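Residue numbers (the working numbering), protein chains in the order written: chain W, 1 to 353; chain D, 1 to 353; chain L, 1 to 353; chain F, 1 to 353.
Hints should not be assumed to be uniformly reliable.
[Unchecked claim] List of simulated lysine to aspartate or glutamate pairs, EDC-like, C-alpha gap at most 16 Å:
1. K70(D) with E35(D)
2. K70(F) with E35(F)
3. K259(F) with E35(W)
4. K259(F) with E35(F)
5. K70(L) with D86(W)
6. K70(W) with E11(L)
7. K315(D) with E331(D)
8. K70(F) with E216(F)
9. K89(L) with D60(L)
10. K70(F) with E35(D)
11. K32(L) with D60(L)
12. K89(L) with D79(L)
13. K70(D) with E35(F)
14. K259(L) with E35(D)
15. K259(F) with E75(F)
[Unchecked claim] For the chain L half of the interface with chain F, some residues (derived, Cβ under 10 Å), not all of them:
16. K70
17. S73
18. T175
19. Y177
20. Y191
21. L194
22. N229
Since the hints were derived computationally from the structure, they do not count as laboratory data.
Just so we're clear, the structure is a prediction, and the values are computed from it rather than from any experiment.
All residues carry an ideal CB built from backbone N, CA and C; glycine is no exception.
Protein chains: 4
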Amino acid sequence: MMIIMHTDATEQQIAGVVERVEDNGLHAHLSKGEERTVIGVVGDGRAIFKDQFLHLPGVDRVIPISRPYKLASREFIPDNSMFPLDGVKVGDNGIVLIAGPCSVESRSQLLETAYAVREAGAHALRGGAFKPRTSPYSFQGLGEAGLEMLAEAREQTGMPIVTEIMAPEHIPLLTRYADVLQVGARNMQNYALLNAVGESQHPILLKRSMMASIEEMLMAAEYILSHGNRRVMLCERGIRTFETATRNTTDINAVPVLKSLTHLPVILDPSHSTGHWEYVAAIARAGVAAGADGLIVEVHVNPTEAKSDGPQSLKPERFAEMVSQIRAIAEAVGRSLAPVPSSEASPVTAAGK
Amino acid sequence: MMIIMHTDATEQQIAGVVERVEDNGLHAHLSKGEERTVIGVVGDGRAIFKDQFLHLPGVDRVIPISRPYKLASREFIPDNSMFPLDGVKVGDNGIVLIAGPCSVESRSQLLETAYAVREAGAHALRGGAFKPRTSPYSFQGLGEAGLEMLAEAREQTGMPIVTEIMAPEHIPLLTRYADVLQVGARNMQNYALLNAVGESQHPILLKRSMMASIEEMLMAAEYILSHGNRRVMLCERGIRTFETATRNTTDINAVPVLKSLTHLPVILDPSHSTGHWEYVAAIARAGVAAGADGLIVEVHVNPTEAKSDGPQSLKPERFAEMVSQIRAIAEAVGRSLAPVPSSEASPVTAAGK
Amino acid sequence: MMIIMHTDATEQQIAGVVERVEDNGLHAHLSKGEERTVIGVVGDGRAIFKDQFLHLPGVDRVIPISRPYKLASREFIPDNSMFPLDGVKVGDNGIVLIAGPCSVESRSQLLETAYAVREAGAHALRGGAFKPRTSPYSFQGLGEAGLEMLAEAREQTGMPIVTEIMAPEHIPLLTRYADVLQVGARNMQNYALLNAVGESQHPILLKRSMMASIEEMLMAAEYILSHGNRRVMLCERGIRTFETATRNTTDINAVPVLKSLTHLPVILDPSHSTGHWEYVAAIARAGVAAGADGLIVEVHVNPTEAKSDGPQSLKPERFAEMVSQIRAIAEAVGRSLAPVPSSEASPVTAAGK
Amino acid sequence: MMIIMHTDATEQQIAGVVERVEDNGLHAHLSKGEERTVIGVVGDGRAIFKDQFLHLPGVDRVIPISRPYKLASREFIPDNSMFPLDGVKVGDNGIVLIAGPCSVESRSQLLETAYAVREAGAHALRGGAFKPRTSPYSFQGLGEAGLEMLAEAREQTGMPIVTEIMAPEHIPLLTRYADVLQVGARNMQNYALLNAVGESQHPILLKRSMMASIEEMLMAAEYILSHGNRRVMLCERGIRTFETATRNTTDINAVPVLKSLTHLPVILDPSHSTGHWEYVAAIARAGVAAGADGLIVEVHVNPTEAKSDGPQSLKPERFAEMVSQIRAIAEAVGRSLAPVPSSEASPVTAAGK
């Protein structure tokens with residue numbers, strides 16, 4: 001931490017800051033420039049409370065030097081984190097594809113979509129049973145009935161299930177059915193939820209809030225990691241900007257930035273990050289070209305009938321086309337699609353793990 | 001809802017859209033321009049599902065006409081909503097001042113601050129016992145011990161208590177101690193929480209997410225209102241923009257916009273919306289000048305020792321100065337500070353209401 | 001300037017940075033923490049080239065300590081800058097009101113509006129003769145014919161004229177007619193224009209770009225000031241954010257921030273910063289309550305006939321109402337409206353100054 | 001254009017709007033819903049002045065239906081625009097690579113870089129002689145001396161030259177030396193400049209302003225096209241958002257969106273859109289994967305000595321590596337790098353065209 005004094009700070013004010021640093025059991029290192037004095041704080045910058053200095057007389061700014069997250073950082077764990085999802089390895093060289101409808105709407109809709117995405121090469125099935133909706137009057141999901149359909153799709157296709165969790169009290173229920181709990185963008189800073197999913201020790205897909213900085217996303221991951229749960233995937237799903245031509249702005253920069261700052265796998269969601277199915281394949285290709293470890297894509301057998309996110313859902317045939325494009329891009333960057341576990345292998349149920 | 005067709009949409013595609021509209025039990029009204037056809041959907045726009053049209057062949061855009069919220073709208077309830085908090089009327093002509101520390105840190109810190117803000121003219125006391133913090137390593141609040149201190153401050157000063165709720169399971173505990181439950185910015189779209197506080201029937205201070213549009217904030221209020229809980233205050237606390245000179249950007253436009261769109265009281269939080277105590281009084285004045293019904297301000301007896309938000313907390317003497325400025329501004333716009341209930345009046349306990 | 005080394009920077013890399021600092025004729029001051037080394041650069045931080053350090057091996061970040069502007073800063077000139085415009089003092093205790101149509105459209109439109117705003121208490125007349133328009137097919141202004149109408153309005157009402165300049169080659173023409181040259185938001189970083197208006201030595205109203213930081217706005221002012229032209233007013237006119245309920249988001253925080261960072265007068269433009277006439281008066285009040293030194297407001301005798309910005313233009317009677325509200329707010333903050341020079345005083349022509 | 005009336009608009013107000021529509025020589029088409037009346041305006045929506053309706057009594061909103069640009073739209077010109085730059089075809093199936101230093105700093109720096117990028121596969125050379133800089137105290141470019149060095153590099157390597165234009169009066173000078181005039185991000189809405197480069201009939205690289213929407217960028221292109229100059233490339237170079245981990249946010253969505261809306265070639269600038277050389281190759285790959293027709297990349301033989309943009313400049317060897325990655329990505333999407341014209345071909349001088 002560096003404390004920048006005002007140009008007209010007095011010797012007494014400087015001494016006051018130094019005293020406060022030492023009160024915290026740390027060491028102050030003075031650097032007197034022609035214009036200003038800067039006080040370096042030596043010790044563990046994470047532990048001490050930066051804000052207390054801002055009010056001291058003569059202080060202009062306080063600049064943190066250390067990054068505020070630790071367990072999530074590549075400085076702490078240099079190698080890529082990897083973990084298996086029912087035989088599919090996440091975070092390894094192979095690109096992982098998660099696909100399925102926004103919401104589980106009916107047994108036939110889900111099973112049809114599940115078979116179609118499996119056929120096209122998907123590794124895992126997404127589908128929401130509890131839906132966060134902007135309007136209290138919109139479809140809120142099928143709840144436990146939807147989870148049962150997901151379990152059936154899992155059993156039939158062998159694909160692990162990714163589904164959203166909206167409240168800590170749903171953990172016992174959801175962990176019975178789901179292989180990965182998704183923390184949605186609107187809940188990225190719902191700390192009660194982050195603590196609960198951290199304690200669950202279940203694999204987590206953490207979506208970036210549409211207005212969270214990359215650092216805040218890593219801090220949210222840190223909450224989960226600090227409970228000893230290391231199986232966390234980070235998902236870029238577009239940020240909110242002034243541009244309205246697309247639903248969100250895909251922060252494609254976040255892909256290489258995250259790969260440099262953290263060891264956690266990075267997933268891109270081109271469906272939410274664009275909001276229009278016509279742009280999904282192009283942005284999916286961009287994500288893998290930029291270094292993403294996987295994609296999560298909305299697919300619906302009949303998008304015009306979808307109860308949510310129809311405009312951004314691909315039809316299965318377009319998804320299949322996208323998969324073949326992604327295979328080519330993966331090879332162009334020296335990677336491949338993750339191998340799909342043989343369907344002969346008897347699918348393990350979530351409960352039985 | 002208006003459905004805008006592509007310039008090259010065929011007659012068949014237009015017929016397809018019309019059919020879909022009628023399948024929804026609504027009426028389609030064609031308007032053929034020189035360039036495009038526009039299809040007006042006549043009926044209750046709120047009830048039908050806009051997204052289903054976006055995927056139909058030939059459709060370019062779909063534009064909603066009705067506002068998506070109803071109970072929160074001034075069209076539905078033309079007159080200002082008002083409700084009492086222990087004798088202080090919120091939403092009426094008098095400006096309401098809520099003040100206190102960001103976090104409850106100790107009994108003496110809280111009581112000292114409570115007496116100071118009461119003396120200066122505050123109507124209610126704010127103070128967090130459960131704190132949402134970006135870092136899992138930061139101070140997370142005193143929990144129930146903090147609530148007990150708030151109850152004591154309430155008893156001694158007679159001021160109603162505003163405190164933040166972070167999870168639905170805290171409702172029984174918090175409603176025992178608090179007069180107003182604050183839903184924080186990071187939880188504005190935590191729908192499980194919105195439903196729970198709606199059902200609690202307790203007065204709510206709903207803070208705007210730093211990434212939410214004004215319309216989304218009103219939709220969040222709609223969640224609460226749809227449970228029959230009509231005692232909701234809306235709080236503008238700054239939005240996230242590219243500007244970094246201040247912690248957030250006060251969306252001062254939101255004050256007159258909200259006053260025009262909704263009947264709910266509008267409160268401004270100049271502490272979070274600026275992040276620097278030097279700017280708090282100026283923005284507080286601006287808020288009341290623009291039409292806000294109240295202010296919520298962070299005050300700390302010793303900001304340099306504060307465990308959170310020290311840089312944006314006012315010392316009590318500066319708060320007192322701010323109150324006298326606000327009184328002058330209130331008069332300039334034909335309002336006044338809300339009368340402080342006589343301190344002789346035996347303070348009603350929260351439990352006893 | 002502080003150079004933050006990577007946690008794993010070697011001694012040799014540190015020595016390399018120190019050498020580079022000394023090559024620049026400056027002094028390097030090492031501060032070795034437990035985690036990292038920070039190198040303070042002592043000397044005139046403004047003069048040396050920060051970017052050259054970012055590529056050196058072992059360097060993580062470079063943090064400037066000095067502000068990048070000088071002539072615009074309050075550290076350099078502590079007292080408020082003031083200057084007269086035809087007898088009206090800008091930057092002094094009195095609030096200055098600039099009003100008039102977006103574009104000069106006709107002689108009668110301009111004169112009628114000019115008399116009406118003068119009557120209501122305006123100190124200066126705004127009106128565009130050269131208009132920057134998003135579309136090449138929109139009305140582009142009357143050009144020199146418009147300037148002649150402005151000159152006539154000036155002569156008849158005695159008000160100084162504020163008009164926009166779009167290209168350096170217009171300076172000889174515009175300085176003949178206008179008392180203040182306005183640099184529009186879209187040209188805030190048109191450096192050829194900034195240099196030209198700096199050299200003109202004419203009073204300047206510099207509008208903030210809708211996506212410029214406060215610091216960049218001060219750097220743009222620095223361009224003008226560096227040519228010896230000290231008569232610069234800064235104008236906040238709203239920034240671009242994700243919120244679409246208003247045309248722009250008024251950055252009301254910018255008012256106290258600018259008043260603290262710079263000695264230059266600060267003007268608010270509530271017409272552009274809201275984009276809707278219904279919100280103009282509320283935001284004008286907020287601006288003065290927050291400390292603005294003046295307002296620039298669009299007024300049109302018949303907004304529905306305006307060729308540009310009709311939706312955000314006030315009718316003269318609403319402007320008059322706004323002026324009386326502003327008078328009350330000014331008094332509430334210990335200020336007043338600037339005195340209007342007696343109309344008996346023979347108006348000085350721009351050419352004759 | 002659709003005019004949405006207020007829910008409580010009277011019959012008389014509706015009649016007033018209809019009358020106004022007809023005064024404009026257009027036809028009004030009424031659509032009476034249960035809640036509101038919507039008035040469709042039939043005729044050429046581009047020609048009439050939308051804002052005039054917003055002030056009419058009873059009007060709530062006005063929604064444009066037609067896109068505001070025409071010459072730039074794919075509806076107007078369905079096929080991709082292509083044009084040659086000294087034998088390199090822009091806008092065709094082959095990806096075009098423009099590379100070189102931010103600023104021309106010296107003859108040796110430029111020639112060394114030019115040969116290196118040519119060798120690595122670049123098709124054109126970029127280099128600034130007139131530089132827009134945030135600070136008046138920063139290096140402003142070598143001016144005409146820089147242009148002469150560019151001409152020499154052109155003659156020696158045969159590569160066409162791309163250089164920035166900052167003011168209309170530089171056109172005669174710059175068109176003597178440069179093959180492509182670049183309009184920089186800060187000047188994207190400098191309409192005097194857009195008109196001048198439109199009239200020049202010279203090929204233009206138009207950079208998106210960091211604050212412009214995609215639609216506004218197309219409107220800026222429309223200015224140039226409306227002068228009959230059809231050789232316009234559009235360049236996405238990052239937009240400004242709240243994220244500070246990178247200098248700008250690459251709006252990768254803009255690539256497929258632009259390819260769908262316009263026939264003009266789309267170029268990506270990953271140097272400015274990230275601001276850090278480590279991320280340039282990843283984002284360059286993403287751009288081509290998403291459908292970009294070319295890249296413009298900053299390369300410097302010695303980035304630590306660069307007078308501007310050093311942190312985002314690639315060394316020649318890294319650029320060469322990037323080119324081979326781009327070749328692989330281009331093939332993965334069914335494209336290739338544009339063929340480099342044989343160096344035996346006697347290079348045509350710009351003046352001689």
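Going down the list of hints, with the structure as the test:
For the suggested pair K70(D) and E35(D), the alpha carbons sit about 35 Å apart, so the restraint of at most 16 Å is broken. Distance hint between K70(F) and E35(F) is unfulfilled; the C-alpha atoms sit about 35 Å from each other, more than 16 Å. At most 16 Å may separate the alpha-carbon atoms for a hinted pair to count; K259(F) and E35(W) exceed this at roughly 52 Å. Between K259(F) and E35(F) the CA atoms are separated by roughly 39 Å; this puts the pair beyond 16 Å, and the hint is violated.
The hinted pair formed by K70(L) and D86(W) fails the criterion: a straight-line CA distance of about 62 Å is larger than 16 Å. Simply put, K70(W) and E11(L) have alpha-carbon atoms about 24 Å apart, too far for the 16 Å limit, and the pair is violated. At roughly 25 Å between alpha-carbon atoms, K315(D) and E331(D) are farther apart than 16 Å, so this suggested pair is violated. At roughly 13 Å between alpha-carbon atoms, K70(F) and E216(F) fall within 16 Å of each other, so this suggested pair holds.
Of the supplied pair hints, the one linking K89(L) and D60(L) is violated, its CA atoms being roughly 49 Å apart against a limit of 16 Å. A threshold of 16 Å between alpha carbons decides the hint, and for K70(F) with E35(D) the separation of about 12 Å falls inside it, so the pair holds. Among the hinted pairs, K32(L) with D60(L) is consistent with the structure: their alpha-carbon atoms are about 15 Å apart, no more than 16 Å. Proximity of K89(L) to D79(L) is assessed by CA-CA distance (about 15 Å); at most 16 Å being required, the pair is judged to hold.
Among the hinted pairs, K70(D) with E35(F) is consistent with the structure: their alpha-carbon atoms are about 13 Å apart, no more than 16 Å. At roughly 52 Å between alpha-carbon atoms, K259(L) and E35(D) are farther apart than 16 Å, so this suggested pair is violated. Distance check on the hinted pair: K259(F) and E75(F) sit about 12 Å apart at the alpha-carbon level, within 16 Å; holds. Because the smallest distance between the Cβ of K70(L) and any Cβ of chain F comes to about 8 Å, under 10 Å, the interface hint for this residue holds.
Violation of the interface hint for S73(L) is found here, the shortest Cβ-Cβ separation to chain F being roughly 13 Å, above the 10 Å cut-off. Interface hint at T175(L): violated, since its Cβ lies 17 Å from the closest Cβ of chain F, which is beyond the 10 Å cut-off. Evaluation of the Y177(L) hint against chain F yields a violated restraint, the C-beta minimum of about 18 Å exceeding 10 Å. With its C-beta approaching chain F no nearer than about 5 Å, Y191(L) sits inside the 10 Å limit, and its interface hint holds.
A hinted interface residue such as L194(L) counts as satisfied when its beta carbon comes closer than 10 Å to some beta carbon of chain F; here the least separation is about 8 Å, so the hint holds. Annotation: N229(L) was flagged as interfacial toward chain F, and the flag is violated, the nearest CB pair being 12 Å apart, outside 10 Å.
In the structure shown, a violation is registered for the earlier hints numbered 1, 2, 3, 4, 5, 6, 7, 9, 14, 17, 18, 19 and 22, in ascending order.
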